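Sequence lines, in order, name chains A and B. Heads up, the first sequence is in the numbering used here, so the first residue is 1 and it goes up one at a time. Heads up, the second sequence is in the numbering used here, so the first residue is 1001 and it goes up one at a time.
Take these hints with a grain of salt, some might be off.
Which chain B residues stay away from chain A? Per the calculated CB distances, all over 10 angstroms, these [unchecked claim]:
id	residue
1	D1056
2	Q1094
3	S1099
4	K1203
5	V1222
6	E1278
7	F1387
Computed footprint of chain B on chain A; a stretch qualifies when at least three of its residues, placed anywhere within it, have a C-beta under 8 angstroms from a C-beta of chain B [said to hold, decoys possible]:
id	region
8	151 to 163
9	268 to 280
These are calculated hints, taken from the structure and not from any lab test. All values reported here derive from a predicted model rather than from experimental measurement. We put the beta carbon where it would ideally sit given N, CA and C, even for glycine.
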Amino acid sequence: MKIKLLFVALVFLAQQGMAQEWLVPEDQKNIENPSEYNLANVKKGKDLYLLNCKSCHGDPGKNNGLPLIPPPPDVSSDIMQANSEGELFYKITHGRGGMPQFETTISDDDRWRLVNYIRNYSPDTEPLLVEEPPKKAKVLASVNEAERIVEVFAEYQNKDSVYVALAETPISIGAQKAFGTLPIGEVLTNKEGRAEYAIPESLIGDEQGMVTLVVDLGEGFITEDVVLDASKVGQPKPTPVLIKEEILWSTNENIQTWLLLSYLAAVLGAWGTIGYVVFQIFKISRAGKEE
Amino acid sequence: MEKTKSPEESRKLLDKITFDLTRSIVKRDELTRFWYFILVMFAAVGLWGWFIQIRDGLGVTGMRDYVSWGMYIANFVFFVAVSLIGFLISSSLQLLKISWSKPISRVAEQIAIAAVALAGIIIVMDMGRPDRFLNVFLHGRFASPIIWDVTVVTTYLTISVLLYYIPLIPDLALLRDRGGDDIPKWKMQLYKILALGWKGNDKQYKLVAHSMRVLMILILPVGLSIHTVTSWLFAATLRSGWDTTIFGPYFVAGAFVAGAAAVVILMFAYRVRYRLGEYFEDLHFDYMGKLLVFVCLVYLYFNINEFWVPAYKMKTAEGIHLRTLFTGSYAPMFWSAQMLGLILPILLMLFRFFRKPLPLTIISVFVLIASWLKRYIIVVPTLEHPFLPVQNVPDYFKHYSPTSIEIMITIFSFMAALLIITVLAKMFPVITIWEYAEEKGIDKEILAEPKK
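Generate the whole structure from the sequences, applying the supplied hints.
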């Protein structure tokens, strides 16, 4: 009996630990991907992946997904690539356990693009996303407080180790906050490698409206982020009054006026009268000396 | 007031009154010494406890993060309550010209002084750093009921002392002039100083009467404040069990119950010990019994309001609190205080027999103990149910039970209060002689006569 129980427990535990096979209905398996396998779609898929999936599945090829049970497989792993495109689509659409469904949050087309992106890492397809070796680059930037713009000039080192203007490249602008850089926008450089970013009116700074802007070239370039000096380009941060006036058991600065006045009046009244009575005692004593 | 007596008769009567009423001052026997010994010894043990508490910190008490008011504060509220009897008997009844209460008024005032003095001391004893006591005055927040309480306790103490002292002046002069040889020299010396050269002329009597009147009127608002403000220490929070609007009158009514019981007990003690049966007559006990029934009924009425209405609504947090009182861990204390300390005494005291001195005193002892327990029930259970969830704390944080140090210090407070009363009784007459003599028809002229 006991052994039987133990066996049942073991099987149960094993089921929990091992990934069960994820069955996809036959008719769904072989649906063809309507989205063409091209660079544009793969790139779009990559953006979607970075936004929705990377937090669990990690970077492709690095096996650095979240330690969940069962684990979210790496995009380039055999488990992932063993899926047909229809199966991938089905699994992304419906989810299972730790894997959320994306039927309601990502459109059909985009889910197919995600499949395009996953396929980029398949041993059977030609990878379209070729990761170039990162180039060295330099970024110069300054803030024009009056006109509320950030002026950027970027250069990169070309094959001949000469710095030339970095044209038509997105540059992201962020604001430094307590817990990291908050991305606020992006601009493209022009042919001369210059860009002007108009700071949005709604940007919120510190109590004085000061913002520390950060200019970043993004992946593919080796530069240091440019952290600009704090400038007065944001709205002053609204500071909530933490200590309200006139509340329960409050400090002397915040006391209710009526309360202070009634306290003082009562104390003065009582002690004034006591003083008067003490004075009467003196009078009693003096009256004894008369005659 | 009786008819004015002839000088001969008056002198004889006055001699007898003075003799009887100075018996407490003169009497010095083994029993007195033993009584002092007991009081001083227990008080000393309590002070030793306090020393340990100062040395090792408040950790030696049962108070922790959640229950931060324990037996000390319950005891404090009890003493404030008891002290309020001075307000009722030495002021309200006198202003209403209820003449039977005259001889009792000094007894009430003794209790008031002792109790309010101890209330102040207990607060200091509840502090972890009593050396920082002055900070209460230097950095106090005027919006805090604690400041109001400190203020009103000191004010009430001052007024009580004055209310005790001023009618004492003519008595002191009387003792100075007519005191027997058996009164120790140093006491006579003291009387002479404190009598302020009293001659007993009309002007002086007028001044005494005037001051008394002013004080009696002043003590009405201050007396009401002392206990109302003490109740606000609780009611000015949002905690279930304390967050109620009737706490002020509820506390005042409860205070009269405790104080009247204390007066009955002390009256009985004086009556037996100093053979003052002719002064604290059966009639006084009868009236005090009736007074006690009356205040108990008022208190019962407030109790019904205080528990009936929330028990009907049973709001979530309030419900948890009430259930611990009605059926939970505090139920034995709660119900015995309500039954033995309120309902049963009311029923018994309706009968004349139970208003006789001895039965009434026994009932009063029960009432007094119950009113102490009542304060404990008001202070502690509420703190055991904070609104915030209590998580990840040692189990003994969640429940409170007093440690032996706390009990020692609490016993100290009782002994110290009794000590103050004893010293007052040993130093000064327990009944105002001149008032009493006047009541019996003795002319003021006779009072001022020096001893033959």
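Status of the hints after comparison with the structure:
1. Here B:D1056 stays apart from chain A, with its beta-carbon at least about 29 angstroms from theirs, past the 10 angstroms limit.
2. Every CB of chain A lies more than 10 angstroms from the CB of B:Q1094, the least distance being 16 angstroms, so the non-interface label holds.
3. With a cut of 10 angstroms on Cβ distances, B:S1099 stays outside the contact zone with chain A, its closest approach being about 24 angstroms.
4. Not every beta carbon of chain A lies more than 10 angstroms from that of B:K1203, the smallest distance being close to 4 angstroms; the non-interface claim is violated.
5. A beta-carbon of chain A comes within 10 angstroms of the beta-carbon of B:V1222; the shortest separation is about 6 angstroms.
6. For B:E1278, the condition that its CB be more than 10 angstroms from all CB atoms of chain A holds, with the nearest at approximately 30 angstroms.
7. For B:F1387, the non-interface assignment is confirmed: its Cβ lies about 14 angstroms from the closest Cβ of chain A, beyond the 10 angstroms cut-off.
8. Figure legend: the region 151 to 163 of chain A, annotated as covered by chain B; annotation inconsistent (0 residues with Cβ-Cβ distances under 8 angstroms, at least 3 required).
9. Under a criterion of three residues with beta carbons nearer than 8 angstroms to beta carbons of chain B, the stated coverage of the region 268 to 280 of chain A is upheld, 8 such residues being counted.
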